[in-house]
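**Q** Single-letter residue listing:
2 protein chains.
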Amino acid sequence: MDARHPQPAEVPAPALTLPGCPLCDADGGHLVVRLPVCRVIRADEPGFPALYRVVLNDHVAEWSDVSDADQADVMRVVNTVERVLRELLHPTKINLAALGNVVPHVHWHVIARFDWDSHFPAPIWAQPQRAVEPGQLSVVSQLLPRVDDVLRQRLLPS
Amino acid sequence: MDARHPQPAEVPAPALTLPGCPLCDADGGHLVVRLPVCRVIRADEPGFPALYRVVLNDHVAEWSDVSDADQADVMRVVNTVERVLRELLHPTKINLAALGNVVPHVHWHVIARFDWDSHFPAPIWAQPQRAVEPGQLSVVSQLLPRVDDVLRQRLLPS
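From first to last, the protein sequence lines stand for chains A and B. Numbered per the numbering used here, the first sequence spans residues 3 to 160. Numbered per the numbering used here, the second sequence spans residues 3 to 160.
Hints listed in this document are in silico derivations from the structure and should not be mistaken for laboratory results. Do not rely on the hints blindly, as some may be mistaken.
If chains are identical, the list can't say which one is meant, so a pair holds when it fits in one copy or spans any two.
Claimed, not checked - Each computed DMTMM-like pair below joins lysine to aspartate or glutamate, with the alpha-carbon atoms no more than 25 Å apart:
id	residue 1	residue 2
1	K95	E47
2	K95	D151
3	K95	D27
4	K95	D70
Next up, chain A with everything else stripped away, as it sits in the complex (with noise of 0.2 Å):
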């Protein structure tokens, strides 16, 4: 065997990309974590800031035609967010969610809920149900840098 070479199987197949997709040309937002299969990016989303997503590498539009092993590598990453959050931000609860009516590509929205959020517990694109009081946001901010941090040490490996 000629190491120069590497064998087919040792070379890792392309990303299969649509150009002009947001999600092919660009990470997303914040990106916290590349891995093989998915990417974990933080959103900034006005209101939500612990909404983080779940971003297959690949363009593929429907949670379906993803292969059991990516889809098994992509759901032990959305368990290991949930799980993060819930440890370090307490949240009311965590909703899920993959729709891609918008960007079909799939991504997983996983994202702390807090029963004095703006929507709570309505869904977050529904209507807002209150105004929400800046402090509240800044204490769940100011603790994000810590979540990217041990997402990266779970999902990174050792």
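Position chain B relative to chain A; hints supplied.
**A** Only chain B this time, still in chain A's reference frame:
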């Protein structure tokens, strides 16, 4: 071994239920198929005839508290519902979501979305974008008994 007294391993564990929880006290909609770990129901939501839910039988609030084995089983069912909706209804997009802010008992929404529906491309919880032609909804509704049949064929052991 006494056949009248099966070993503990042969006795299914009773479901974890919380009296007063709407998804512990009732199926939560039109029951399509009941499986050991979860059930599939059709929600009969106005404007969204093809809104199915995969409901965990046990009362667990957060996805990351569901065991790996049960998560895999629920995701297999979510995938099957998604695939059958795609095959029979040809929606513009599938939306998946596990929110549970109002009923904190794990249930996945599996929603066939159409570019003509009242909210597309917004999530179904957002403000409506347009009125819908009743004839379009009725075309989808007429196909649902067939969707339910195919779901039972694919999900129940033969």
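**Q** Given a CA cutoff of 25 Å, do K95 and D27 count as a within-copy pair, a between-copy pair, both, or neither?
**A** So K95 and D27 pass the 25 Å test across copies only (21 Å; inside, 32 Å).
**Q** Reference check for the pair K95 and E47, CA-CA at most 25 Å: within, between, both, or neither?
**A** both (17 Å within a copy, 23 Å between copies)
**Q** How would you classify K95 and D70 at a CA-CA limit of 25 Å: within, between, both, or neither?
**A** between (28 Å within a copy, 20 Å between copies)
**Q** Go through the copies and call it for K95 and D151: within, between, both or neither, with a Cα cutoff of 25 Å.
**A** within (22 Å within a copy, 34 Å between copies)
Of the numbered hints given earlier, the model fails none.
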